[in-house]
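Visitor: Listed below, chain by chain, are the residues.
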Amino acid sequence: MSGIVDVVLVSFTGPGSQDHQRLMYHPALAADSRFRLVGVTEWPDSGAVAQEITRRQAGELGLSFLEFDQLLDGSVASLAVVCGAPDRRVDVVRAIAGAGLDMIIDKPMAASTEDARRIASVVFEAAVKCFPAHHIRFHPAIRSAAAAVANGRIGLPWAVQADFIVRGGPGVFPDGEIANFGLYPIDAISALIGTRLLHVSAVGGPRFYGENVEDFAVLSLGYEHDIVATVTVARVPGDESGFFRHQYRVMGSHGTLLVDPAASPAVTVDTGRVTRHSFGRTSLGGLLDHVHACLVGGARPEITADSGVETCAAVEAALRSLRDGVVVPVNERLQEVR
Amino acid sequence: MTAAGTEPEPDRPLGIGIVGAGFVADMHAVAVGACAGARVACVADTDPGRAGALAARAGGVPWTTDLDAMLERPDVEACIVCTPNFLHEPMGLAIAKANRHLLMEKPVAITATGAQTLVEEFDERGLVLMAAHTHRFYDYSRAIAERIRVGDIGTPVLIRCAMLGGWIWNDWRSWVLDPRLSGGHALHNGTHVLDLVTWWMGDEPVAVYGQGSKQTSGQLAIWDYLSLRVEFANGGVAVCEMSRGNRPRTANLRDIFVQGTRGSVSLGWTDEQPLAVLEETVQPLPGNGQVGFNREIAAFVDAARNGAAPAVTGADGARAVALAVAAEMSLATGRRVTLDEVMGRAAA
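As given, the protein sequences belong to chains A and B, one line each in that order. Just add 1135 to the spot in the first sequence (first one is 1) and you have our numbering. Just add 402 to the spot in the second sequence (first one is 1) and you have our numbering.
No lab work stands behind these hints: they were computed from the structure. Since the structure is predicted, the reported quantities are computational estimates derived from the model, not experimental observations. It cannot be assumed that every hint is accurate.
Short derived list, chain B residues pointing at chain A, Cβ under 10 Å [to be verified]:
no., residue
1, Ala-545
2, Arg-549
3, Arg-551
4, Val-552
5, Gly-553
6, Val-559
7, Lys-616
8, Gln-617
9, Tyr-627
10, Pro-650
11, Gly-662
Glycine included, C-beta positions come from ideal geometry on N, C-alpha and C.
Chain A with its partners taken away, still in its complex shape:
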């Protein structure tokens, strides 16, 4: 076995104006010698526009466009990176899993918790690996912090405070920024403290962009062992796009962790104008490290389709809380069942 994983990129569309294949997965995989991009494909029922977009992207990137059926014979690739409309994910995943391919699925893993459950069942029955692209948990700052918590450096955690605020970018996500960003810090907190989310209360609204969906929200989360967390999620106006404030404060019985993935690791350059330059592994790079370790090295996946179900359920609960003004319980925990 060479250790090189052959990859097919599935679909270059996504919710709203997102094209994570082009912006994220293709450049990361193309730069990683452990992966070999063998082609691009599109789900046959995705419509003419999506077909045309994906074919065009294949040409621009110098990759072969494959008919979806070619992917299904199982000899072309062993890993699929799945983007495209979330409401088609169940069918796409069923087909890919049936062909025995492992997969990375762009976030959100599915359009609903119900769909996420179907995906989890499909991949479980097909015995393939499914990695929802919760890459933020693989940022080196969060990895270090999570390891510190797991090793007892701060004792038993009892509260987390997190900010996930992005400046600029393509505008407000069509379904609101809870649906867009919310799962990242929720999943990161799960990585940090490793306990079950029990209930969610959310407030927020459209304050920065004047759209009809929330561009900022505050999520109040309650976990097992009475751990509490607050997460702010927002997209704020600005000329430069990127993380503006991305922090986690983990408070434990014997210490506190201040985790700032937006600020570290990075060097500061001052030429009259101060700029920060991050270095080291990116969060997506960390996800690829983990995927490779699982596919080639036999490591146990720490994120699975069940993780996608849990985050979908948390986001759905937050949206319901935002709509109804009540505290909403979250009842997902599939790993314990299997």
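Put chain B on the given structure of chain A with help from the hints.
Guide: This is chain B only, laid out in the frame that chain A set:
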């Protein structure tokens, strides 16, 4: 403005009676001593030893164990109440009826009705009731307020304000640990943060969702860690943390962030004081906490003596109490509590 039926004498220092001679009374006494327009006229405390000691430290002024006796003194034109929280309302009412101005330690009262009653009693008599929300007088809070006031960041939308310490009250005899006496931590210390975010937001709060923990000891009857989410009428939201259960206990973490419609202003943990990296801990060097008390007394004297608008009104104090009561209700029930609900209960 005339208190106690005396004629105004602008050149004479305002005679202040300090009621309660515990820890915070010392800070107020020092502040009065530093204020050219005021002097400590008398100290009252039920413990004669404590009253006498503070009176001695304040320059050998008279002391008493009887509030009524203090209020009969013509040289006591105004009071500062520093007693346990549950006494604020009855003592405030006695002081209003004696026609004296009042700087009331926070919380103004431990019930929303009590706070509102005090506001009305002082208003009806044309007396100053100022809430001792000392944090409004420190440079850090004023710097945040100033950046908001000049319009740098537009209208505030999202505020995070965390004050995280590790000291708890000395032992189980401390009255603060008894919610019947203190009102709970949201009342006792939470009011500081709740008042600050309301001031910075410049809007009326409408609801609170409270989370917390009894961190220092599972035996606590109060939540010594508070995480309070406050909603405002214009849609803004503030996340307020107040903790006495953090570790390391000496770190004194503070985190302030205000996101407005056009930009943000923030003040991180190490943005005010030099950072000391010590064998036992890492902490910013402590600032001069007395400064806030000194400015607060100067503002109170200016209001009482010269009719200036109080820097923190009784209504501000009552609003903070209503928020804190809502927070305690939310902590107890696990649900979001509106200010209408609190005030409705107050009226019932």
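Visitor: Tell me if the interface restraint on Arg-551 of chain B is satisfied: Cβ within less than 10 Å of some Cβ in chain A.
Guide: violated, 20 Å
Visitor: The hint names Val-559 of chain B as touching chain A; please verify it with the least Cβ-Cβ distance against 10 Å.
Guide: Holds - the Cβ of Val-559 of chain B comes within 10 Å of chain A, reaching about 5 Å at its closest.
Visitor: With a cut-off of 10 Å on the beta carbons, see whether Gln-617 of chain B makes it to chain A.
Guide: OK, holds: Gln-617 of chain B within 10 Å of chain A, min 6 Å.
Visitor: With a cut-off of 10 Å on the beta carbons, see whether Tyr-627 of chain B makes it to chain A.
Guide: It holds, given that the least Cβ distance between Tyr-627 of chain B and chain A is near 6 Å, below 10 Å.
Visitor: Answer holds if the nearest beta-carbon of chain A is closer than 10 Å to that of Gly-553 of chain B; otherwise answer violated.
Guide: violated, 15 Å
Visitor: Can you verify the interface hint for Gly-662 of chain B: is its Cβ closer than 10 Å to any Cβ in chain A?
Guide: holds, 9 Å
Visitor: With a cut-off of 10 Å, does the beta carbon of Pro-650 of chain B approach a beta carbon of chain A closely enough for the hint to hold?
Guide: This interface hint holds because 6 Å falls under the 10 Å limit.
Visitor: Against chain A, is Ala-545 of chain B within 10 Å by beta-carbon distance?
Guide: At 19 Å from the nearest chain A Cβ, Ala-545 of chain B fails the 10 Å test, so the hint is violated.
Visitor: Please verify that hint: Val-552 of chain B, Cβ, nearest Cβ of chain A, below 10 Å or not.
Guide: violated, 19 Å
Visitor: For the hint on Arg-549 of chain B, does the least C-beta distance to chain A fall short of 10 Å?
Guide: Check failed: Cβ of Arg-549 of chain B comes no nearer than 16 Å to chain A, outside 10 Å.
Visitor: Would you check whether Lys-616 of chain B satisfies its interface hint, that is, whether its CB is within less than 10 Å of any CB in chain A?
Guide: holds, 9 Å
The structure fails to meet hints 1, 2, 3, 4 and 5 from the earlier list, while all remaining hints are met.
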